[in-house]
Amino acid sequence: MRLGSWLLTFAFLSSLSSLSRADNTFILKTQLYIDNNDTIVISPLVALTRDAWTGATLSAHYVADAITSASIDVVSNATKRMADFRSEVGFGLSQRIKMSTLSGGYTYSVEHDYQSHGFELGLSQDLFQRNTTLAFGYGFTHNDIGRANDALFHRTLDVNGASVTLAQTLGTKMVGSIGYTFSYLDGYQASPYRFVKIEGAQGVFKVAETLPGVRVRHAATVGLRRHLFRDTAIHLDYRLYLDNWGVAAQTVQLAYFVRFGDLTLRIKERFYYQDGASFFRTTYSDMDLPPYVTADKELSTLWSNVAGIKLEYRLPIAERALSLEAKVDFFYFGYINYALLSSRYGADISAGLTVLY
Amino acid sequence: MKRASLVLLFCTTTSLVGCVKPYQRELLAKPIMAVQPDPWEALLDQHMLEARESAAGGFGSAGGGCGCN
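Heads up: the sequence lines are chains A and B, in that order. For the first sequence, our numbering gives the first residue as 1, with consecutive numbering after it. For the second sequence, our numbering gives the first residue as 1, with consecutive numbering after it.
Accuracy of the hints is not assured; some may be wrong.
If you want a taste of the chain B side facing chain A, the calculated C-beta under 7 Å gives, among others [as the list claims (entries may be wrong)]:
| id | residue |
| --- | --- |
| 1 | Cys-19 |
| 2 | Val-20 |
| 3 | Gln-24 |
| 4 | Leu-27 |
| 5 | Ala-29 |
| 6 | Ile-32 |
| 7 | Met-33 |
| 8 | Val-35 |
| 9 | Trp-40 |
| 10 | Leu-44 |
| 11 | Met-48 |
| 12 | Ser-54 |
| 13 | Ala-55 |
| 14 | Gly-57 |
For lysine-lysine, the following DSSO-like pairs were computed, each having C-alpha atoms within a straight-line distance of at most 30 Å [what the hints assert, rightly or not]:
| id | chain 1 | residue 1 | chain 2 | residue 2 |
| --- | --- | --- | --- | --- |
| 15 | A | Lys-197 | B | Lys-30 |
| 16 | B | Lys-30 | A | Lys-98 |
| 17 | A | Lys-173 | B | Lys-21 |
FYI, nobody ran anything at the bench for these hints, they're computed from the structure. Idealized CB from N, CA, C, for every residue including glycine.
Okay, chain B solo, but in the shape it has when bound (with noise of 0.2 Å):
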């Protein structure tokens, strides 16, 4: 009974804010859209960062080595 309420506030929760039809989504799937547009480009940049900066994980983590040896 509390897992089938818990998930009815979330079903509630979740419409309110967002229930969109699949033909209302042309804008949503344009790809400036994207969560992360070129994973590519992330894959760099995160490698980069992250021999720069003591921070690391929630934006993607780079490959292990940085020549910073």
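The following block holds chain A by itself, in its conformation from the complex (with noise of 0.2 Å):
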């Protein structure tokens, strides 16, 4: 599934007028994907954020991902082994201004068959003595896809979305949030790779995938964050999501953190539960068929879980100005009516530093 990039970037954007009272950042990360289905992915990060002028912020940031796969979508296309690699690039500015922080961004991401450009536009208000911050966001990104070894076939994605988050204080210990963004996409979102076992009378025979052309998401969003004792947070978030597609989703996250000292432990477990789309089926047949056919497990119904542990270490020299961080993230995820996979699982594992200077 391919989709703009200016929800996190509008959130990030955010994040940096707290950023722009720090240090500016330089962050390296690498995260590596591995599960049973027989695919690994490797994503290297790096980042900048740097102050520019007064209240400014200026970001950059490279992210690649390079995929080796055999899993079940690959083998079921008569293809053994498929290998793929992504870059994208992004830069951002966030302005502070008094009690406001305008945002804009730009993120461009390419592979052999895909290309996507994305703008993002965002404002934030602090309200009532900084005890409220409203944030209002906007994203356009538009996605030109194309097939490997076939020059003609190109098709078209364009993605708007907007958000708009309210932050609140809820007491010396709390912070409350609540979320609603609105997403609205019009064009190819299909896989071109991606072919549907049909039973005919005739035998089985396979057609391309077909997906409406407009799709329209909504999500609603609900987070919790509470200090317990000494240096001990606890973050719960919950969200909602609805499509016209009929996919229904309900996430589910828990994180705690405990601090000893330069050492930040936080534990997280993730629960996520989608009905799938209105016209997915385990199999298909020409005697009853509908307007779209998919078997992109990914509209199936489907449950994950994600438990993991994250470590912070700020070293103890150059004013502690260097900080080293690894994580491991082990999921599992369960296709209840899907016909080719009944479960996956794997790892996420990464490491990184951080420098501020």
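Using the hints, build the complex out of the two chains.
Encoded structure:
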């Protein structure tokens, strides 16, 4: 599934308002995704944030995905193994003006058969002696989709999105937030490599995946951050997601932070459940064929669980300007009505460093 | 008049639940209390999850492309 980058960039740019009062940062991370479905993804990331002039923070990042896979998606389309490489570069600027923060950003993503241009704008306003922060975001992403070894294949996908979030102090130990995001996707949203088996009177045949051209997505979130005792805190997040394809999903995430001097430990648990798209079928028959057909397991009914641990350590040198981190998240996906795969499990492992300068 | 009433109601409600003075925000200012403690980690995580789940948005969205072709 390919989407615009505006939402996270907006969230990140909003967060720069606090970074802009801190030191400049250089961040290096590498994440390794590995699962039992024969897929490995390595994602290195380099990011830089820097105070530019009064109230202004500039940011730039580069992230790549190097993927190799012989997953069921790949093998079922008569390909033994695929490899791909994606590069993404982004730039952002935020400007604080009294109690307001304006932000903007651009992200470019490219791989051999895909290009994406994303633009973001944001406005964040502190209210009531900074007890309340109201933020608005808008983003637009244009995607050009191609197909390997087929120069004539070209499709486009445009994504418009808007978000509003409200963060509120709830006493001296708790912060709450609520948010709503709306996305409107218009264009090609299938995979040009995915074919769907149809059972007919003459036997089984395959047709190209076809999905609706328009997708309207709604997501509402509620979050709480509660300081407990000494240097510990608990984070609770809930998301309700609905779209016009019939997908309905709920996500609950709980994270617990403990700080021992220069060492910060985080334990995380995330549970996700979705009802599949209304046109998804475990098997399709030409006797009762819906207008759209898909073999995308991400559109089936599924659940997932992610549990992990992260450690961050500020080295007691150079005024603690250097910190190291390591993280392991274990995940399990259960596919309830997908014929080719019942489950998938694996891990996300990452390491990184942050330098304040 | 109606607009002023709404503003007053909002101010009253928010002040009841969380009128915290700047000097009372020591705990709220700690990094472990940030709404998004590590946005770059979130970028990598959301990118992975959005390629494998159908829901997106709310927690932030990752960049285009995932190598899933």
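Hint check against the structure, violated hint numbers in rising order: 5, 15
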